[in-house]
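**Q** Here is how the chains run, residue by residue.
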Amino acid sequence: MLQKIKMYDRDPKVRNKDFEQVNFGYSQEEMFKEARRCLQCVTPMCRNGCPVEIDIPVFIKFLTEGNPKQAFEVLKQKNNLPAVCGRVCPQENQCEKFCILSKKKESICIGNLERYVADFMAESPIDNVFIKKNDVKIAIIGSGPAGLTCGGDLLKMGYDVTIYESLHDAGGVLRYGIPDFRLPKKVLNIEIDNLKKLGIKIILNTLIGRTKTLKDLFDEGNKSVFIAVGAGLPIFPNIPGENLNHIYCANEFLVRVNLMHSYNFPVYDTPIYKGKNVVVIGGGNTAMDSARTAIRLGAESVKLIYRRTEDEMPSRKEERVHAKEEGVEFVVLTNPIKFIGNDKKFVKAVECVKMELKEVDYSGRKNSHKIDGSNYIIETDMVILALGLHPNPVLPSLMKDLCTDSRGYVIIDENYMTSISGVFAGGDIIGGNTVIKAMGMGKKAAKAMAKYCSFTFAESNKI
Amino acid sequence: MYKIVNKQKIGEKIQSYEIYAPEIAKNAKPGQFVIFRIDDKGERVPLTIVSTNIRDGLVRVIFQETGKSTEHFASLEEGNYIKDFVGPLGCYTKIKKYGTVVAVAGGVGVAEVLPVIKALKKAGNKIITIVGARSRGLIILENELKEQSDLLLFATNDGTYGTKGFVTDILEDIINREKVDMTYVIGPVPMMQAVAEITKKKCIYTLVSLNPIMLDGTGMCGACRVSINGKIKFACVDGPEFDAHLVDWEELISRLMLFKEFEKISYNKFKHEQECKCYKK
Chain A
1 MLQKIKMYDR DPKVRNKDFE QVNFGYSQEE MFKEARRCLQ CVTPMCRNGC
51 PVEIDIPVFI KFLTEGNPKQ AFEVLKQKNN LPAVCGRVCP QENQCEKFCI
101 LSKKKESICI GNLERYVADF MAESPIDNVF IKKNDVKIAI IGSGPAGLTC
151 GGDLLKMGYD VTIYESLHDA GGVLRYGIPD FRLPKKVLNI EIDNLKKLGI
201 KIILNTLIGR TKTLKDLFDE GNKSVFIAVG AGLPIFPNIP GENLNHIYCA
251 NEFLVRVNLM HSYNFPVYDT PIYKGKNVVV IGGGNTAMDS ARTAIRLGAE
301 SVKLIYRRTE DEMPSRKEER VHAKEEGVEF VVLTNPIKFI GNDKKFVKAV
351 ECVKMELKEV DYSGRKNSHK IDGSNYIIET DMVILALGLH PNPVLPSLMK
401 DLCTDSRGYV IIDENYMTSI SGVFAGGDII GGNTVIKAMG MGKKAAKAMA
451 KYCSFTFAES NKI
Chain B
1 MYKIVNKQKI GEKIQSYEIY APEIAKNAKP GQFVIFRIDD KGERVPLTIV
51 STNIRDGLVR VIFQETGKST EHFASLEEGN YIKDFVGPLG CYTKIKKYGT
101 VVAVAGGVGV AEVLPVIKAL KKAGNKIITI VGARSRGLII LENELKEQSD
151 LLLFATNDGT YGTKGFVTDI LEDIINREKV DMTYVIGPVP MMQAVAEITK
201 KKCIYTLVSL NPIMLDGTGM CGACRVSING KIKFACVDGP EFDAHLVDWE
251 ELISRLMLFK EFEKISYNKF KHEQECKCYK K
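Keeping their order, the protein sequence lines are chains A and B.
Here the first sequence is numbered in my numbering, starting from 1 and rising by one per residue.
Here the second sequence is numbered in my numbering, starting from 1 and rising by one per residue.
Not one of these hints is a red herring.
On the chain B side, residues computed to face chain A include the following (Cβ under 8 Å): (1) Glu23; (2) Arg37; (3) Glu43; (4) Phe85; (5) Val86; (6) Leu89; (7) Leu215; (8) Thr218; (9) Gly222; (10) Ala223; (11) Arg225; (12) Ile232; (13) Ser254; (14) Phe259; (15) Lys269.
Derived DSS-like pairs (lysine-lysine); straight-line CA-CA distance at most 25 Å: (16) Lys223(A) <-> Lys132(A); (17) Lys197(A) <-> Lys223(A); (18) Lys197(A) <-> Lys447(A); (19) Lys264(B) <-> Lys276(A); (20) Lys264(B) <-> Lys344(A); (21) Lys118(B) <-> Lys96(B); (22) Lys186(A) <-> Lys41(B); (23) Lys29(B) <-> Lys400(A); (24) Lys185(A) <-> Lys83(B); (25) Lys17(A) <-> Lys41(B); (26) Lys260(B) <-> Lys344(A); (27) Lys233(B) <-> Lys338(A); (28) Lys126(B) <-> Lys97(B); (29) Lys400(A) <-> Lys26(B); (30) Lys348(A) <-> Lys233(B); (31) Lys348(A) <-> Lys231(B); (32) Lys26(B) <-> Lys137(A); (33) Lys348(A) <-> Lys260(B); (34) Lys164(B) <-> Lys146(B); (35) Lys400(A) <-> Lys233(B).
One side only, chain A facing chain B, incomplete, derived with CB under 7 Å: (36) Ser166; (37) His168; (38) Leu207; (39) Arg210; (40) Gly232.
Simulated from the structure, these hints should not be mistaken for laboratory data.
All values derive from a computational prediction rather than experimental measurement.
C-beta: ideal position from N, C-alpha, C; glycine also.
Let the sequences and hints guide you as you build the complete structure.
**A** See the structure below:
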């Protein structure tokens with residue numbers, strides 16, 4: 001059996017000084033080699049692992065025939081953002097995990113192939129897709145992965161779609177959260193421009209609930225609304241000293257760098273502190289993004305503190321490998337218990353305690369316990385907290401009829417409809433946690449919204 | 001793009017702008033703020049909404065030229081456009097009848113106190129307004145304040161207008177003289193803190209509008225976190241108004257110092273570029 005074709009990674013010592021991508025994708029030759037490894041199973045399992053149900057073997061088949069355009073069509077049927085997914089999806093836990101070859105650890109690199117197709121087609125102008133318009137207006141709140149997917153699908157079904165975004169640029173977490181070295185903004189811009197060319201309207205600087213209310217949206221003739229406002233308030237460790245200066249939430253750090261371009265201060269007005277000895281707390285992809293960004297801003301050392309071991313980290317393995325190659329030091333089985341500041345209230349050290357793993361908890365991961373008396377100090381001048389996020393509270397708090405659970409997630413029924421008729425929700429606001437899951441929800445919600453609209457339409461026509 | 005429809009200089013380095021933003025004008029309430037960004041390279045800067053003109057779709061903001069972004073903003077002309085203008089953000093002031101309200105404003109905070117006392121007066125409160133400034137030239141909106149106040153008093157550091165001294169001197173006089181049911185304070189942090197200490201002793205309910213460093217302004221990043229009664233709150237979505245007696249002032253002051261060095265760099269670069277332009281002319 002042929003081995004999988006790996007992408008060529010740039011030298012870690014070079015790439016950790018810039019914001020360019022880690023690797024530049026397959027060459028045509030590599031693409032052919034990889035695509036031809038696909039067994040074209042009669043009952044393909046890979047599809048079952050894809051949250052948006054891409055017809056994976058079919059697009060790969062077109063690639064082997066040297067027809068990337070047709071492959072692109074197959075991707076686009078199910079996925080409005082293939083260039084994004086090819087880069088940031090955790091394929092190893094999805095399609096590639098189900099690939100029959102995964103049993104021999106040689107599953108097809110589906111993500112790499114998807115990326116190849118999307119990048120290959122990015123340069124070529126998109127065809128005029130004929131869309132039969134139905135003049136039914138739909139509003140989407142939030143332009144992140146869930147909103148863009150839902151909006152894109154409804155657009156293709158003929159709906160008149162407007163996406164509202166509170167920030168000054170579209171893309172949600174793809175814009176402000178994921179750094180350029182994982183997802184270049186150019187790639188994101190192409191994906192969004194393609195949706196705009198198809199007719200999607202994106203209105204920036206509009207915080208629904210404040211700038212306009214939900215009622216305004218319905219008054220303006222929207223028949224249905226999709227809430228995809230994503231995650232919001234960062235979670236804090238709730239330990240002494242957490243508000244000292246130069247202790248940042250990952251969201252703040254990443255927003256400054258990605259959205260506000262503060263790495264290029266003072267050309268751009270927004271400042272960022274470039275820490276020398278940085279401590280990142282957390283083990284998810286956001287922690288990896290933060291640590292790797294800190295390295296690129298010139299940190300002499302970046303320590304990533306996590307209370308369990310690397311095996312329990314929720315981040316992708318690929319991200320961890322890249323982070324370590326680039327110089328991020330993993331300090332596992334360690335938990336911060338206190339931040340210590342200097343006389344001007346700037347952080348100067350983190351007091352940590354060693355942890356040990358014991359019994360398995362409800363999430364299937366081993367519980368971590370403090371080891372008494374194992375306290376020690378790590379000196380630092382900058383701490384980045386990447387402990388996760390609460391759902392965005394702004395909109396739910398302003399809409400009394402919108403039911404949320406005890407943690408603040410919007411409650412939906414099996415059709416993604418919220419407690420308000422005609423109002424649907426998806427993505428992190430209902431408890432997704434990856435880009436592709438949010439996209440999957442956006443897709444399913446789009447179907448449900450179309451059904452809802454055609455039903456209410458039919459009813460009103462009777463009258 | 002958002003158009004600057006009216007521009008007026010109302011004091012020493014203090015500008016009043018009306019920006020065309022009909023949706024914000026329609027939905028804004030006293031106590032809320034906007035975030036503006038001049039251009040693609042600009043930072044996001046919060047400003048309190050002073051008033052709105054729903055008919056013409058205008059939102060009025062007043063700001064003092066204190067750094068790069070505000071000086072840049074002030075250098076724009078009527079008819080110019082800015083890139084971004086989002087709002088209304090934050091919670092609005094809870095307006096009800098308290099009885100006698102003392103509003104204390106420092107510097108450009110006067111602009112921010114105006115919509116609040118207007119609403120409080122309408123709700124039937126007696127309004128005593130105390131304005132503090134370094135000097136007479138920095139006093140703004142005197143006529144508008146007079147209209148909304150039953151009593152309007154001034155304190156200047158140099159004695160060029162009203163009482164020579166601080167707003168706190170006047171406040172203590174009033175508290176000793178009559179019953180005060182509520183105090184509303186907005187201005188420099190040391191002033192807000194000093195007022196809070198006085199009213200705390202007398203158990204007078206006091207609201208302050210806080211101005212921590214802010215980034216997105218929509219409850220996403222945690223930059224504007226403040227400690228209220230020992231708990232983390234986000235000024236952009238939980239505030240900007242908080243019970244003054246529960247604020248950790250020391251922490252707020254230290255967090256405001258965070259980017260002072262960077263602000264200087266940014267300001268010097270801006271000044272340098274401006275001067276270069278003049279030279280070329």
